[in-house]
Amino acid sequence: MDLSSSIFSDIQFDLIGVVVAVVGILVLAGIVFARSTNSITSRSFFFFAFVTIFWGLSNYFLYKFSDPELALLALRLHIFLTIWHAYSFFQLAFVFPYENKVLPAWHRYVLLPLAFFTSSLLLIPFIFKQVSGLISVNEVINPEQSQGIILAAVVTFSFFVAGLLVLLRRVYETKGDERRQVMLMFTGMSLTAGLLLLFSFILPIGFKNFNFVPYGALFIFPVIVFTAYAIYLVELFHVKNIFAGLFTFFLCTVSLIELILAESVEQVLLRVAVFFLTLIIGIQLVKNTFEIELANEQKSEIMSFATHEIRTPLTVMRGYATMLLDGDKGEISPRVRDLLQKILISGNDVITLLSQYLDKSKIELGQIEYVKADFDLARTVNDVLSTFQINAEQKGITLTKAVETKERHMVFADQSKIKEVLTNVIDNALKYTPHGSVNVSVRNEKDLVIVKVSDTGIGIKQDTIPHLFKEFSRADLKRVNILGSGIGLYLAKKFIEAHKGRIWVESEGEGKGTQFFIQLPESKTKH
Amino acid sequence: MKKILIIEDNKDLQDIYRHSFEKDGYTVVTKDNGQDGFDAIAEELPDVILLDLMMPGVNGFEFLQKIKAIEGVNIPVIVCSNISDIEMINKAIQEGAAAVLLKVDYVGRQLVDKVNYLVEEFNKKKENTEEVA
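Here the protein sequences line up with chains A and B, keeping their order.
Per this note's numbering, the first sequence starts with residue 1, numbered consecutively.
Per this note's numbering, the second sequence starts with residue 528, numbered consecutively.
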């Protein structure tokens with residue numbers, strides 16, 4: 001006897017399909033609903049998931065009865081759920097991806113009664129007269145249809161098609177991330193709708209082909225997979241951390257399969273307990289993850305708000321100081337000019353510190369975003385250098401550049417972040433160089449663009465170098481009186497690494513100057 | 528003479544901006560919120576609008592939506608706010624802002640130069656579109 005074929009014939013693929021689909025959609029609905037109960041999209045998704053679960057179960061039990069009476073009841077219940085499944089599909093498509101969308105009057109007074117009316121017809125023989133003949137368990141039943149089947153078919157089909165058309169229209173109406181959400185949802189839902197329409201609707205009703213009916217639950221997978229992917233990818237329904245959900249899904253599926261395979265009453269009781277315990281603990285885990293996520297979101301919102309609130313008085317302060325410096329309110333003495341410049345410099349320092357702490361908090365919360373585009377790194381270096389020229393002259397430091405402007409040094413990166421890194425490194429070089437020079441060069445090397453900032457400054461001890469890019473690290477606080485957040489280089493490293501680049505430092509020791517290197521991959525676009 | 532409509536709820540910033548733009552030869556009209564700013568457009572017909580985002584009543588985003596809804600109005604709206612969230616910046620651009628500036632980055636002459644440059648770019652683009660049409 002072929003062992004493998006005997007094992008596979010024992011496995012009930014249809015049952016496993018139902019279990020996985022039910023648990024999958026249950027966990028997905030739990031995640032969405034636990035996170036946002038107020039959003040109409042979340043509520044509609046929950047409704048859709050709820051109907052889908054019962055639809056999947058009814059599909060499974062559809063062919064589990066040998067008694068014609070029971071089989072007819074199962075069939076009627078299944079078609080009843082099919083109509084509501086199509087309706088819930090349309091409703092979800094209609095409100096997606098909005099948080100607040102009022103369902104129009106025609107939805108409430110035409111579509112809802114239509115679904116009620118059509119599904120109620122299943123209680124009478126208008127749609128299915130009877131299930132004829134003797135049938136055995138695990139065989140798909142062959143019902144005797146009546147005229148009403150056309151109405152049920154048209155209503156169900158219309159809900160599905162209308163839902164897809166609404167989603168398709170939304171693809172063209174939306175932009176950016178929202179559009180990606182709708183695209184993913186549209187793909188998942190259209191695949192599911194297509195499979196359901198073909199195998200559970202057109203073939204059985206139109207062509208009396210029932211071969212694929214037992215696999216009905218499997219057709220829900222596209223929705224589950226694409227929705228889960230969308231959650232992971234673009235924070236659909238504002239959910240980012242899906243791993244707790246996936247973990248719960250996996251445990252629940254395994255424990256439910258174990259429950260199904262139980263061989264004695266004791267085993268059933270034990271495994272029922274294990275299943276529910278897994279489900280409860282899993283949902284609690286998912287809930288806790290959301291609470292942490294929510295707390296992080298609030299923390300980030302507070303940071304953004306605080307930054308905004310502090311920036312406004314700073315803008316006013318800088319505005320008035322500039323007005324006075326420009327002599328717009330009368331002549332000022334060199335002493336006052338000097339003091340005003342100090343006010344401006346301190347103001348600038350506070351602005352930099354604020355941005356750095358905001359960036360740090362965003363990095364820690366995983367909320368930092370990079371807006372990448374192609375640009376010439378040498379030009380950006382020139383721009384940054386020009387902002388330091390006066391500062392260098394005032395300090396008596398020669399700030400030179402060795403940038404071959406004829407050659408292009410294209411990179412694909414977030415220009416503002418790279419600018420911050422360059423500003424930080426050049427600013428450091430000037431701060432730690434009491435006299436002498438700072439030189440900045442840009443060169444192409446293989447597939448890389450390398451910026452080198454070298455100074456003749458105080459240098460760095462060898463044992464300090466490994467700690468330089470850590471948070472709150474400073475080369476040597478005792479030797480120079482320098483204001484700084486201590487996170488500038490930490491952020492520089494994070495930004496550069498996020499661009500698949502590298503930043504490092506070389507110094508032959510104290511008093512022998514420092515060389516900072518920033519290396520970024522060259523843009524792959526031909527220029 | 529060029530005319531700028533500044534929609535900004537902070538009186539000190541209104542004062543600073545007025546000073547900087549008047550120095551460059553602009554006629555300056557200031558309004559405290561989006562609604563007053565919107566109502567002033569028809570009467571003042573500014574060449575450019577400098578818009579804050581966080582304001583009481585009609586905020587910057589709502590102002591952008593309102594101005595987008597009127598046909599035939601083609602005035603560059605430059606958002607100048609202290610919000611640095613990428614989402615907010617993208618939203619402002621989507622709602623039709625010609626550019627988004629971080630307030631704290633621009634003082635005095637810098638802001639005027641930037642606005643002049645952006646208006647020039649906007650007008651060039653407008654001329655090109657008209658030529659194509």
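The hints are simulated quantities; they were obtained by calculation from the structure and are not laboratory data.
The model shown is predicted, which means the values in this text are computed figures rather than measured ones.
Be careful, since some hints might not be right.
Unchecked claim - Listed below are several chain B residues computed to face chain A (Cβ distance under 7 Å; list not exhaustive):
no.	residue
1	E570
2	L628
3	K630
4	V631
Ideal Cβ positions, reconstructed from N, Cα and C, are used throughout, including at glycine.
Hint by hint, here is what the structure shows:
At its closest, the beta carbon of E570/B sits 28 Å from a beta carbon of chain A; the interface hint therefore is violated under the 7 Å criterion. The closest approach between the C-beta of L628/B and any C-beta of chain A is roughly 11 Å, which is over the 7 Å cut-off, so the hint fails. The beta carbon of K630/B comes within 5 Å of a beta carbon in chain A, closer than 7 Å, and the hint placing it at the interface holds. Checking V631/B against chain A by beta carbon gives a least distance of about 4 Å; that is within 7 Å, so the hint holds.
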